[in-house]
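J.: Fit chain A to the known structure of chain B by using the hints.
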Amino acid sequence: MTPDATGMDAVIDAVTAVLLIVGALMSLGAAIGLLRFPDLMSRMHAATKPQVLGLFLVLAAIGLQMRELWVWPVLLVAWIFQLLTVPVSAHMVGRAGYRTKHLHPELLSADELEAVVLRAAGEQASAGEEPAEEKDEEAGKQP
Amino acid sequence: MACNEGSPIVKDLVLIVTAVILSLAAAGAIYRIAVGPSLLDRVLASDVLLAILGAALAIDMAVNRHLNNLVLLVALSLIGFIGSVTVARFVADRRGQVNDS
Numbered sequence: 008m009t010p011d012a013t014g015m016d017a018v019i020d021a022v023t024a025v026l027l028i029v030g031a032l033m034s035l036g037a038a039i040g041l042l043r044f045p046d047l048m049s050r051m052h053a054a055t056k057p058q059v060l061g062l063f064l065v066l067a068a069i070g071l072q073m074r075e076l077w078v079w080p081v082l083l084v085a086w087i088f089q090l091l092t093v094p095v096s097a098h099m100v101g102r103a104g105y106r107t108k109h110l111h112p113e114l115l116s117a118d119e120l121e122a123v124v125l126r127a128a129g130e131q132a133s134a135g136e137e138p139a140e141e142k143d144e145e146a147g148k149q150p
Numbered sequence: 009m010a011c012n013e014g015s016p017i018v019k020d021l022v023l024i025v026t027a028v029i030l031s032l033a034a035a036g037a038i039y040r041i042a043v044g045p046s047l048l049d050r051v052l053a054s055d056v057l058l059a060i061l062g063a064a065l066a067i068d069m070a071v072n073r074h075l076n077n078l079v080l081l082v083a084l085s086l087i088g089f090i091g092s093v094t095v096a097r098f099v100a101d102r103r104g105q106v107n108d109s
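Line by line, the protein sequences are chains B and A. All residue numbers for the first sequence refer to the numbering used here, where the first residue is 8 and numbers rise by one. All residue numbers for the second sequence refer to the numbering used here, where the first residue is 9 and numbers rise by one.
Since the hints were derived computationally from the structure, they do not count as laboratory data. Yeah, the Cβ is synthetic: ideal placement off N, Cα and C, and Gly gets one too. Accuracy of the hints is not assured; some may be wrong.
Stated by the list, open to error - FRET-style restraints, in silico, Cβ to Cβ:
id : chain 1 : residue 1 : chain 2 : residue 2 : range
1  : A       : Ile38     : B       : Val123    : 33 to 39 Å
2  : B       : Val29     : A       : Asp20     : 15 to 21 Å
3  : A       : Arg97     : B       : Ala21     : 42 to 48 Å
4  : B       : Ala132    : A       : Leu80     : 44 to 50 Å
5  : A       : Ile87     : B       : Val124    : 26 to 32 Å
6  : B       : His52     : A       : Arg97     : 20 to 26 Å
7  : B       : Leu120    : A       : Lys19     : 45 to 51 Å
8  : A       : Arg73     : B       : Val124    : 50 to 56 Å
So that you can see chain B by itself, here it is in the shape it has in the complex:
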């Protein structure tokens, strides 16, 4: 917290301002993506921007403003925690979205989950248990 007289403080303030505004623009980009993208998968693509890159920029701004070295590991831990939890929840939401057919298949360039889902449905159908009927019913309803 002791600014030197060489103008370093102004430079750090300017860099911090840029980092904060770009970090806020990530949130705005995510909101615009949420409003304009057609289906769940592409909205998920937009939604990860403030969660990872936006948080990184803003935490870097905090580290620059605090001007103490011990702050950086704490901020890094906070960011890594976010980095560990976000992909897992996105994975769950994506799988649930795929299973409930919340996607436009014509927008996908590759669908590697389709074979797995079909094979799992086939195994359950060959087992001839109660969940198989539910799956067949769902498959028949889907165009």
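T.: Below, chain A alone, put in the same frame as chain B:
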């Protein structure tokens, strides 16, 4: 606090600009929560809303030079994780019945 004389103007400018940007972003996310066609869209939009709140907390910390909100930031990401994973499991369990609610 030993600030130079140009700092308060930059501080106010950054605060106003980021407040406007984050307000617009939150409005968009809330609109998606309101009209989102499916439950998963709403979950995703509420995740984005949590990220916007976290960004606001972090901007407050950076501008005012304190670290009081850092624990709150970590707790916020934990809440978002638990919430979206729970709802995703819930949707996956009852698939085929409540697609569009």
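J.: Against the earlier hints, flag every one the structure doesn't satisfy and list their numbers going up.
T.: none
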